[in-house]
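Enquirer: Residue numbers (the working numbering), protein chains in the order written: chain V, 1 to 435; chain H, 1001 to 1283.
The reader is advised that the hints may include incorrect statements.
Said to hold, decoys possible - Some chain V residues judged to face chain H by a derived CB distance under 7 Å, without partners named:
1) F60
2) L171
3) A269
FYI, nobody ran anything at the bench for these hints, they're computed from the structure.
In this text, a Cβ means the ideal position worked out from N, Cα and C, and glycines have one as well.
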Amino acid sequence: MAMADATQDDVQVGNTTDKRGRLVTSDGTPLRRALERSMRRRKLTAFMLVAPLLAFILIFFAFPIAQMMWRSVDNPQVVDALPRTLDALEDWDGTGMPGEPVFAALHADMMDDLDRPRREQKIGPLGIRLNYELSAARGAISRTARQVPNFEAPFADAFADAHRLWGQPELWRVIKREGRPLTPAYYIAALDREYDEAGSIVKRPENRQIYVNLFGRTLALSVAITFMTFLLGFPIAYYLSILPMRYANLLMIAVLLPFWTSLLVRTSAWIVLLQQQGVLNTLFVNIGLVSDDNRLDLIYNQTGTIIAMTHILLPFMVLPLYSVMRTIPPSYMRAAKSLGATPSTAFRRVYFPQTLPGIGAGGVLVFIISIGYYITPALVGGQSGRMISNEIARHIQQSLNWGLAAALGSMLLVGVLLLYWLFNRLVGTDSLKFG
Amino acid sequence: MSMPAYYTTKDKIWHYAFRVICYSIFFFLLAPILIMIPLSFNAQPFFTFTREMLTLNPEGFSLRWYEDFLSSASWRRSIQNSFIIGAAATVISTSLGTLAALGLSRSEMPYKGLIMGLLISPMIVPLIISAAGMFFFFSSINIAGTYLGVILAHAALGVPFVVITVTATLVGFDHSLTRAAANLGASPTRTFFKITMPLILPGVISGALFAFITSFDEIVVVLFVAGVEQRTIPREMWSGIREDISPTILAVATILVLISIALLTVVELLRRRGERLRGLSPQ
Chain V
1 MAMADATQDD VQVGNTTDKR GRLVTSDGTP LRRALERSMR RRKLTAFMLV APLLAFILIF
61 FAFPIAQMMW RSVDNPQVVD ALPRTLDALE DWDGTGMPGE PVFAALHADM MDDLDRPRRE
121 QKIGPLGIRL NYELSAARGA ISRTARQVPN FEAPFADAFA DAHRLWGQPE LWRVIKREGR
181 PLTPAYYIAA LDREYDEAGS IVKRPENRQI YVNLFGRTLA LSVAITFMTF LLGFPIAYYL
241 SILPMRYANL LMIAVLLPFW TSLLVRTSAW IVLLQQQGVL NTLFVNIGLV SDDNRLDLIY
301 NQTGTIIAMT HILLPFMVLP LYSVMRTIPP SYMRAAKSLG ATPSTAFRRV YFPQTLPGIG
361 AGGVLVFIIS IGYYITPALV GGQSGRMISN EIARHIQQSL NWGLAAALGS MLLVGVLLLY
421 WLFNRLVGTD SLKFG
Chain H
1001 MSMPAYYTTK DKIWHYAFRV ICYSIFFFLL APILIMIPLS FNAQPFFTFT REMLTLNPEG
1061 FSLRWYEDFL SSASWRRSIQ NSFIIGAAAT VISTSLGTLA ALGLSRSEMP YKGLIMGLLI
1121 SPMIVPLIIS AAGMFFFFSS INIAGTYLGV ILAHAALGVP FVVITVTATL VGFDHSLTRA
1181 AANLGASPTR TFFKITMPLI LPGVISGALF AFITSFDEIV VVLFVAGVEQ RTIPREMWSG
1241 IREDISPTIL AVATILVLIS IALLTVVELL RRRGERLRGL SPQ
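Isolated chain V, as found in the complex (with noise of 0.2 Å):
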């Protein structure tokens, strides 16, 4: 600051400068400060051409979904049903069974929940978040809970009375460990983990493990899509690519009309294609080439996931794709086979090299909206052709653990963002065109 003061002193500007030689506006401000301040309001206007949408996208959509990841880690029920159990189980090793007092402050935490507004009772809810660790947890916690105005001490008999559970370290264990603010359990049990007796997390049995092959499987599919789109996108890009624009234009539509058509009119085309009963089977049926009784099943499966999904996310590799090609010149492909290439090795070296930033664009793209869809495999998916956005949406209608949805659904998030910041890196979201 200072040197630039000085070298601004020895600056003679005539009678545009103060007494101490700085350069000033006509009104005798500084000409730095008033530009500063010239650039901080047309900062401040541009900003506030924007605020209104930031705010706007800040409270419905960039909050709901903080929140919804917070729920992954959020873990109140144990702390709000049992403070008093927790603070005497403080001192229990977790070997063992915990001593009288600790029972005796879980009838009193139990006592103080029936005293509650019905709507706020805690052990209802503290039922439901131990079973998730623990099966039978629920059952427990409900029965002990309306026998508990009878009990009279020792209480550690009476609670093993009401349920053998009690009388095993196991629940205890369970209370302990989850009578934290936040817990890592429904990310654990997201990534198909437990804990064992000894309180280190292992693998589940083989039986119980869903989520690590659900994920690999949504993986699996969308790299099936991904690939099947670029098989399909190439040839017709390049096609479109090499075509005079008037033909590409008209030609434009069949990429085109999919792509603004309704999400459920494509997959309804599918299922009335597909189907047992449907366009394709019976066709077969008629030309011979399967029997009557014998018709394929082509949809409520992976198969179904596959051919849908591909059709629907076509248009999103063949646009990138034809806009990277239209800019290749057509003059590099000549004179590669004039020096003497065969086709295909000019294609190889020549060609196709050059429309790789196409083939990242649409690749990222179809890969990231092909790895958190929903509707297409809840539709046509059927049970083998699941992906992890079907799960996720059962937990949060049906199984009602949004703790564990939750942990799904951050997990995906996160992976569908690295790819994103790939896809900005590759490609930038300047190229991102609809139409």
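Once you've looked at the hints, dock chain H against the given chain V.
Expert: Relative to chain V, chain H alone:
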């Protein structure tokens, strides 16, 4: 593309084979959508062509599924809902989005990349996650299962399309025009409505169209946030497909395809007009 005279037989085979491949892929793209149109006139409740249809016997065709669609109270309400929600969401996302695009295209805008990323995120985040987040949040502020809730949710989803389209239009915008207007004494508001707005109008309209289509076609958020009262056309189709699959959905689908053809035409015309106005030669 005529074939060059020097092509060998192999070249010729490849030339035709490549075209056959390409046209089969175009067929794959269009056929599933177009095949629903004749099937929607089926007189029988089947999803396949009956013998009468194939022999073009008039008895094989009927308008009963269209009648079904138009006479059903729930379908009629879903049409109404789709238009109410779509229109309201479009107004919100287009007005806020256009303002924001004007700010974002100024060179002095601070944190441009970060803000742009945030505003585009509704397009990137998987719908199931947006829907789940909105479901929890809207329930907690008691607007889940209301028109307001669905409209706000759809407005958020439409924002990226408006922002991207309008900023793209503003890239070719000649800022000396607004300076000239200011120089001639026009207020910033007057400059906006008389100079800027007419020039970026094609971009704004196509952004609005995208926002409308997004809402019109949206189903995941509707599944989570809307109640029975707010069922839209896609929501009604969803039930139609899951519960009683009847050719009525084919009639609806046909109407929707016709609407998308109309919209596609409008967008294309707008794009050409925009390029002409900004002095770019049409491609």
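Enquirer: Compare the structure with each hint and give your call.
Expert: Against the structure, the hints come out as follows:
no.	hint	in the structure
1	F60	holds, 5 Å
2	L171	violated, 29 Å
3	A269	holds, 4 Å
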